[in-house]
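Novice: The chain contents come next:
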Amino acid sequence: MIQKKICMLGSFSVGKTSLVRRVITSEFNEKYHTSIGVKVDKKIFRVGDQDVTLVLWDIYGEDAFQKMQMSYLRGMSGYFMVADGTRRQTVDVALALQQKVAEAMGAIPFVFLLNKCDLADQWEVDPDDEKNISARGLTPLRTSAKTGENVEEAFVRLALAMLPK
Amino acid sequence: MEANAIFESFLAEQGLALFEYLGKGSFRPIGSFPSWLKQIWGEETARAKTVVLAERSPFLQNFLLDAEQFWNNKSSGAANSGNWIERGVDGVETPLEASALRLDGKKILLIRNFSSAFAEQTQWLQTARDSVLDHEQLLREIQKKEILLHCIIHDLSQPLSAMRGCFNCLTIGDLPPDLKPFVETGQRESYRQEQMIRGVLEAFSGDLPAQKKSQANEPPATADLAACARHAVRNFSAAFAEKRVRLQLDPKLDVSRQWLSVGDAPRIDRIFGNFLENAMRYSPQNTTVTVGVEEKGALLAAFVDDQGPGLPTDQSTGKLFALFAKGKDRPGKAGLGLYFCKMTVERWGGRIGAETRPSGGSRFWFCLPRAPISSLASAAEPNLPAANAQEEAAQQGVASPGKRRVGKAPRSLRILVADDTEINRELAMELLKARGHSTVGVADGRQALAALENARFDVVLMDEVMPEMNGLEATRAIRQKELASGRHQVIIGLSGNATKEDEKRCIEAGEDAYLSKPFDMHKLFQIIESSAPETAGEIIVPPPTTSSDSVAAHLARSAAGSKKLMQSLAISFLADAPKRIANIQSAIAQTNAELLATTAHALKGSVAIFGAAKAVAAARNLEAMGRAGNLEGAAGEFCTLENELSGVKRELLAIGAKSGKKSRPPRPATRKKRGK
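Same order as they appear, the protein sequences are chains A and B.
Residue numbering for the first sequence follows the working numbering, beginning at 1 and increasing consecutively.
Residue numbering for the second sequence follows the working numbering, beginning at 166 and increasing consecutively.
Be a bit skeptical, because a hint or two may be false.
For lysine to aspartate or glutamate, the following DMTMM-like pairs were computed, each having C-alpha atoms within a straight-line distance of at most 25 Å [stated by the list, open to error]: (1) A/Lys4 / B/Glu262; (2) A/Lys31 / B/Glu258; (3) A/Lys67 / A/Glu103; (4) A/Lys42 / B/Glu209; (5) A/Lys67 / B/Glu209; (6) A/Lys100 / B/Glu209; (7) B/Lys310 / A/Glu124; (8) B/Lys309 / A/Glu103.
Just so you know, these hints were derived from the structure itself, not from any lab.
In this text, all values refer to a predicted model and were calculated from it rather than measured experimentally.
I would like the entire structure built from these sequences, with the hints used as guidance.
Specialist: Below you can see the structure in the form of structure tokens.
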């Protein structure tokens, strides 16, 4: 069976762990529990006519309190760059981190996620921001770990991007 | 044996597991396999003599690449993996940490059970990140409040603009005498309303820290407390009369002298207003409210005495002036007014308070330091609305009332009025027509651009917030077109937003001057007529097309390549500039806004011939400050102007030197010796 390493990257409290939890166990916890350390999970996805095991590396958000080791990204086949649509600054962090990863690791498939799309009244990323993200070749996908919206779609999209054509 | 037992106990106690690397991914456990690791990887792994750890954990698989590199290259220190969470065969998650090190020449992998410290680290990291999130949320709330405040202020300003415009229009014609008091009252009250709106904006706007800082550096304003008291009595007389409460100035007050204190008249007016509103609310009919000023040692004390029930007993005096103070019998009042009074008075170094009078009723008072001697010459009762039309006319220097209230402008201008609010646009046009100007009105920035394509205008009055294209966007577009056309369009910005940041934004967009709404019509006339070009259709050379243009290059363009003209212009400027600069400096020193506007305007025009974009910008900013009557930052801007001009002068000296003529400073007048 094909096995691919995927990393969840982004600022803290954007929903990386919640997205993994949603896809692995279909659960969601409203309360924010910060991640320290790396957690690795596996999930088998059906992509087209083949099964793909995705090894999900849930990496804590880099901030003033914790620095991410780039060695965690070694061997990854793809990654999710996650931002919180209700906190505009996390988009900037994600864009900067994506550039850093691209410079260090080269052109690796990724999907840009604007998470927490269920919080429409708190949304801070306006259409112009999304256009700017798209203009950099990073077509964002709005997801919600809480409702599950587009979560499966996101993983399938990344899996397809990672598989040989 | 005993040592081994102690060693193994130590490892177990510390939650450590040691492995020796044998090569090719294989590890030998050192000592017994700890039970916590057994729970993670199972009995079978625990019983094995050697373990391929990379197969047990994807995280370790990744880290072992770093570990091997360390073992091969380094002999001291350690390579650390960072924390990771390993899920055991029983589903239990355990935090772990791995380190690669060399001991006695052996390649050792140490795996540590991080559980004991994990809880503590999680807690402080959770607290830290929750604090960051709370802080972010607080900033968002503050920002929302700021936006809401500005929207409210803007929305409040619009109808107030219309009201003031209507009152202004009413005063244009000959009013029947019985209607004049109503119009004058309406004008006064709309002015008060404007002051209240500005007070709210100042108190709650984010500009407040910057204002406080700038106010700390400014010399204090001064005001005549007795004059303010007189104004207050006059302003409130009608309202008190309606309530059948007598309002009087303290008979003991000596009105023949000045009672000069620190503070500015409009804010003191507001403090009196708050006190009088309070007195009016609690004074029974047929009682008297007295407003007065008295000496209080080094201070001057102003007071409002009423004959009402006295201070509420459910609150201390201190709490009365606190934010959101309410008495139990004051439903619906937010307690903002007295809080503003307290902030204002204390900022001036004064005190404020209230007490129940022994004879009954209450006294609300405030004390302020006396005005410094040096300020006595310029102490004023400035900018208070006139009590009657005659006084207002005297203030504004227009023809006496009873005849036409709006005098004709010295020169008729063509003015484009861009404002999306029809009533405000129509009123502005009406006022300008009464002044003798011709006007065209448009409803948005795009229409303004179109109008400018088809006709010439001396001045554009540009509202800021408009649909389709707002005022700032339109201004920028006009300035962009000027780079090719060589013609400068005078643009005066109008905005219901009234903070210094708003003003700065308008000037930075390229507007020549700025007026906040609701505006005074005479101020509108003054700004328009002093900003307009000297002659109709005057061509004013714009700033250079590129910022890297030298003075010589720009001068060459302006002089159409004529060297003789270039040299003549250079010499003329060098002779004239020192005096213009001295005039500006003098205007700033005297805090004479009007003089600053005219002198900066004059210098701007003469410097623009040489490009010198930064010098032109500095002159423009000074002119705008003068027109706005706000000289905050003028000294700094003057320094910028001087610095930029010194570069210009150097280049011009070189150009002038080529002609062989030198620009000489004007000789001081000397007495000729009489011949004997």
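Novice: If a hint holds in the structure, say so; if it does not, say that too.
Specialist: How the hints compare with the structure:
Between A/Lys4 and B/Glu262 the alpha-carbon distance is near 24 Å, which keeps this suggested pair within the 25 Å criterion. Taken as a hint, the A/Lys31 and B/Glu258 pair is honoured in the structure, with Cα atoms around 19 Å apart against an allowance of 25 Å. Restraint check for A/Lys67 and A/Glu103: the C-alpha separation of about 18 Å stays at or below 25 Å, so the hint holds. Among the hinted pairs, A/Lys42 with B/Glu209 is consistent with the structure: their alpha-carbon atoms are about 22 Å apart, no more than 25 Å.
For the proposed pair A/Lys67 and B/Glu209, the alpha carbon gap of about 36 Å is over 25 Å, so the pair is violated. Between A/Lys100 and B/Glu209, the direct Cα distance comes to roughly 42 Å. Violation of the 25 Å bound is thereby established for this hinted pair. A C-alpha spacing of about 16 Å is found between B/Lys310 and A/Glu124, which places the hinted pair at or below 25 Å, so the restraint holds. A C-alpha spacing of about 37 Å is found between B/Lys309 and A/Glu103, which places the hinted pair above 25 Å, so the restraint is violated.
Hints 5, 6, 8 from the list above are not met by this structure, while the remaining hints are.
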